[in-house]
Amino acid sequence: MTDAKVTYKTSDEVDFVIVGSGAAGGVLAKELSTNGFRVVVLEQGPYLKEPDFSHDELQVFTLHQLTNNPALQATTFRKTPEDTAKPQPCVMYGRCVGGSSVHFTANFWRFHEIDFIERSKVGEIPGTGFADWPIRYADLEPYYTKVEWEVGVSGLAGASPFDPPRSKPYPMPPLPVKGSGVIFERATRKLGYHPFPAPMAILSRPRAGRSACVNCGFCLGFGCEVGAKSSSLSAMIPLAEATGRCEIRPNCYVHKIETDKSGRVTGAVYFDAKRNTHLQKAKAVLLCANGAETPRLLLLSASRQFPNGLANSSGLVGKYLMLNTAANAFAVFDEPINDYKGFCVSRIIHDFYELDPAKTGFYGGGGLDARFDWTPVSFATGALPPGTPVWGREFKQALHQNFTRTLQIFCHASSLPVERNSFSLDSDVKDAWGLPALRLTYKDHPNDLKMVDWMKDRALEVLDAAGAKTKWAYPVREQQFAVHLLGTCRMGNDPKTSVIDSDHRTHDVPNLFLCDGSSLVTSGRGQPTMTIEALAFRAADRITALAKRGELSS
Amino acid sequence: MKSTLEARRNFLLQAGGLAGAAWISAQWPAILAAAQHSHQAVKAKGSEAFEVLTPDQAKQIDAISSQIIPSDELPGAHEAGVVYFIDRALKTFASDTRPVYEKGLADVAKMTAELFPGVRTISDATPEQQQQIVAELMSEMNPRPGARRSTVAVNADFPQTIWIHTLWGFLLDPDAGANRDYVGWKVIGRDPAHSFSPPFGFYDQDYPGWQASSPETDKR
Chain A
1 MTDAKVTYKT SDEVDFVIVG SGAAGGVLAK ELSTNGFRVV VLEQGPYLKE PDFSHDELQV
61 FTLHQLTNNP ALQATTFRKT PEDTAKPQPC VMYGRCVGGS SVHFTANFWR FHEIDFIERS
121 KVGEIPGTGF ADWPIRYADL EPYYTKVEWE VGVSGLAGAS PFDPPRSKPY PMPPLPVKGS
181 GVIFERATRK LGYHPFPAPM AILSRPRAGR SACVNCGFCL GFGCEVGAKS SSLSAMIPLA
241 EATGRCEIRP NCYVHKIETD KSGRVTGAVY FDAKRNTHLQ KAKAVLLCAN GAETPRLLLL
301 SASRQFPNGL ANSSGLVGKY LMLNTAANAF AVFDEPINDY KGFCVSRIIH DFYELDPAKT
361 GFYGGGGLDA RFDWTPVSFA TGALPPGTPV WGREFKQALH QNFTRTLQIF CHASSLPVER
421 NSFSLDSDVK DAWGLPALRL TYKDHPNDLK MVDWMKDRAL EVLDAAGAKT KWAYPVREQQ
481 FAVHLLGTCR MGNDPKTSVI DSDHRTHDVP NLFLCDGSSL VTSGRGQPTM TIEALAFRAA
541 DRITALAKRG ELSS
Chain B
1001 MKSTLEARRN FLLQAGGLAG AAWISAQWPA ILAAAQHSHQ AVKAKGSEAF EVLTPDQAKQ
1061 IDAISSQIIP SDELPGAHEA GVVYFIDRAL KTFASDTRPV YEKGLADVAK MTAELFPGVR
1121 TISDATPEQQ QQIVAELMSE MNPRPGARRS TVAVNADFPQ TIWIHTLWGF LLDPDAGANR
1181 DYVGWKVIGR DPAHSFSPPF GFYDQDYPGW QASSPETDKR
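Chains A and B supply the protein sequences, listed in that same order. Going left to right, the first sequence walks through residues 1 to 554 as our numbering numbers them. Going left to right, the second sequence walks through residues 1001 to 1220 as our numbering numbers them.
Keep in mind that a hint or two might mislead.
To spell it out: a stretch of chain B is covered by chain A in this simulated footprint if at least three of its residues, at any positions, have a beta carbon under 8 Å from a beta carbon of chain A; those stretches are [claimed, not checked]:
no.	segment
1	1162–1175
2	1188–1198
Chain A regions said to be covered by chain B (calculated; three or more residues, Cβ under 8 Å) [to be verified]:
no.	segment
3	58–70
4	173–181
5	329–343
6	399–412
Some residues of chain A that are not near chain B, with every Cβ distance over 10 Å (derived) [unchecked claim]:
no.	residue
7	SER120
8	ASP260
9	PHE306
10	LYS430
11	ASP457
12	LYS496
13	ASP501
14	ARG542
Quick caveat, the hints were computed from the structure, so don't treat them as lab data. Idealized CB from N, CA, C, for every residue including glycine.
Put together the whole structure using the sequences plus the hints.
As structure tokens, this is what we get:
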């Protein structure tokens, strides 16, 4: 390892250019540079570090310090392809070195065995492209373990009877229990469920030169000031840079993947911070730009040779989008919980992970957790009981009484892959660089809405069992805002029904690889980042093997 | 009251263990520089002079925001310096909402004259009259229940805009130039410290530790 940071010329043909430095891009950058390859990572956003982070909600939520800015990157929404899309903010992702792993909640469940083979078990679901993965849980297990140990996950192995098999315990004990966790644990046990300490990608002990969590309470939406949150920024990027073979190049907005006459990619074209255009040459390109921007980039890279977009012979680039469904239920307790202190989640149940469609009448499942992911302002705008005045003495009294006493149960659940649900280009609306805007087309499958509504009712039962006197939940609504960006370039063995193979290589272009939320075939039960990182560790091994066999050379 | 800088230093020094201390030691000059910048900005923002608002406009905004979060036995928007936050917002990141304020204040003056003939502006009205004026102003405002994001929508009207700006001015971290002396956080019970140790509250103080099973789960 070396402290000298490498920089490459754009004319240098590096081994890999990676677009995006988030959950997958960070892991791939670290792994491939460690394996001896020369890597350039092109990141849309700035290179912020721990000292740049604060507890300023204005910077984070209103001025978009860490995420895409709708004022610059317009998006449009429609429910169905037959509708006219309207401009509205409808997607959020990390736009800084480290990507969404900088601001995420850090829930780090593994997917279960069922998630990979559910189509075979459940059968066809009308109106969907429900499919099995080309890999199984056992293929990913070593890489889940690698994430836990190398990126840093706190948890307690064996605490959940529903957990899939694992080869190693967690490297650190769970984070401390919070008041919400105690209430949740007691109530769910009373109902016969099996609460367990939430696995979190947050350090409970100092590790690898990083601090343990100090429980500051500004987690979801914020960058961690002490590096305890196991983002790619804190855990992977420094190791990649330390190899002396990986350059992290921020403020680079990639808008085209260049190809040659033989149909192979030759590099990535990007705008720098001054909007000058460059081509970074590379022997192979890895898109890790997230489940919205990866398909957008492929579609933007359409050419005479690839008229429907790069790697899109299946016509499925951008399609089968899954957002995960969610609901929440609230209660106010008599004494201060002070759930604003600390990380978001300390206790969880997976008793509903694998529901029986024959009994429930719907496919899917999910998890419930007790969490507090509200900041002072967002609490005032979104977490008071229905009917509370929005101004005046009663409003202030509700804030005074409830902020420290409110408990939220969050339901996170599956989404089905529906072909019409997609990200595509909207040529009627341009971003600040003059490129077609990202268009979200989404209408939840009725099954998913039924299922999450059922979960919401279970959450209310838990609050009853906890003795809550004041409790409420809002009706489940169709989604119009995308945060989990899954399935839009899915993995599969058949080039007609998938975009990448199980090595993350596109079926159409031999030296183009995709790895991020877009690779997922099913949505799991709501917490995808752990699986995205496990896929990235596995992809690094597969791509390294292909490169060493000379399969990436022209 | 500890300074922001001091609280931040203490928070970072409590970051846990030798590795954390080593990290902080290595990063401290950069952290210090960033925090000092922020601290200076807050100090500068704490000025009593208005940069955008006229004194008359400031009084009217103070009157409206003080109805949204009134002062009683606990401090309200006035004590949190919300009007100063709004003035800085109109100078900086929310400068595009200046026309919204100009039109909105004119509308409120008209509404005031209609409701209470002879009263020129809301700041001239009695507290009871101010409450009625703001009730009228807010009658159309219906924030979506469960809305997590606290941004102002494009083309938001005056009630929406002054409402969210008041919440920001009362509840944001003081580093944003809001929430003077943390009065907003005192009202909601948020300790301004940068780090906490368990137990965090009432319900976890007697937690006996994780148990793998219980009679109820065993039965199931």
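Results for each hint:
With a cut-off of 8 Å between beta carbons, the segment 1162–1175 of chain B has 8 residues touching chain A; three or more are needed, and the interface restraint holds. Only when three residues or more bring their CB closer than 8 Å to a CB of chain A does the claim for the segment 1188–1198 of chain B stand; here the count is 9, and the claim holds. With a cut-off of 8 Å between beta carbons, the segment 58–70 of chain A has 5 residues touching chain B; three or more are needed, and the interface restraint holds. Counting residues of the segment 173–181 of chain A whose C-beta lies closer than 8 Å to any C-beta of chain B gives 7; at least three are required, and the coverage claim holds.
Residue count for the segment 329–343 of chain A with a Cβ under 8 Å from a Cβ of chain B: 9. That meets the three needed, and the coverage hint holds. Remark: the segment 399–412 of chain A is confirmed as covered by chain B, as 4 of its residues place a Cβ nearer than 8 Å to a Cβ of that chain, reaching the required three. For SER120(A), the shortest C-beta to C-beta distance to chain B comes to about 28 Å, beyond the 10 Å cut-off, and the non-interface label holds. The beta carbon of ASP260(A) sits about 43 Å from the closest Cβ of chain B, which is more than 10 Å, so the claim that it is off the interface holds.
Every beta carbon of chain B lies more than 10 Å from that of PHE306(A), the smallest distance being close to 36 Å; the non-interface claim holds. At the 10 Å boundary, the C-beta of LYS430(A) stays outside the reach of chain B, the nearest C-beta of that chain being 17 Å off. Residue-level check passed: ASP457(A) sits 17 Å from the nearest beta carbon of chain B, beyond 10 Å. A cut-off of 10 Å between C-beta atoms confirms that LYS496(A) is not in contact with chain B; the least separation is 40 Å.
For ASP501(A), the requirement that its beta carbon stay farther than 10 Å from each beta carbon of chain B is met, with the minimum near 38 Å. Non-interface call for ARG542(A) relative to chain B: holds, since the shortest CB-CB distance, roughly 33 Å, exceeds 10 Å.
Checked against the numbered hints listed earlier, the structure breaks none of them; every hint is satisfied.
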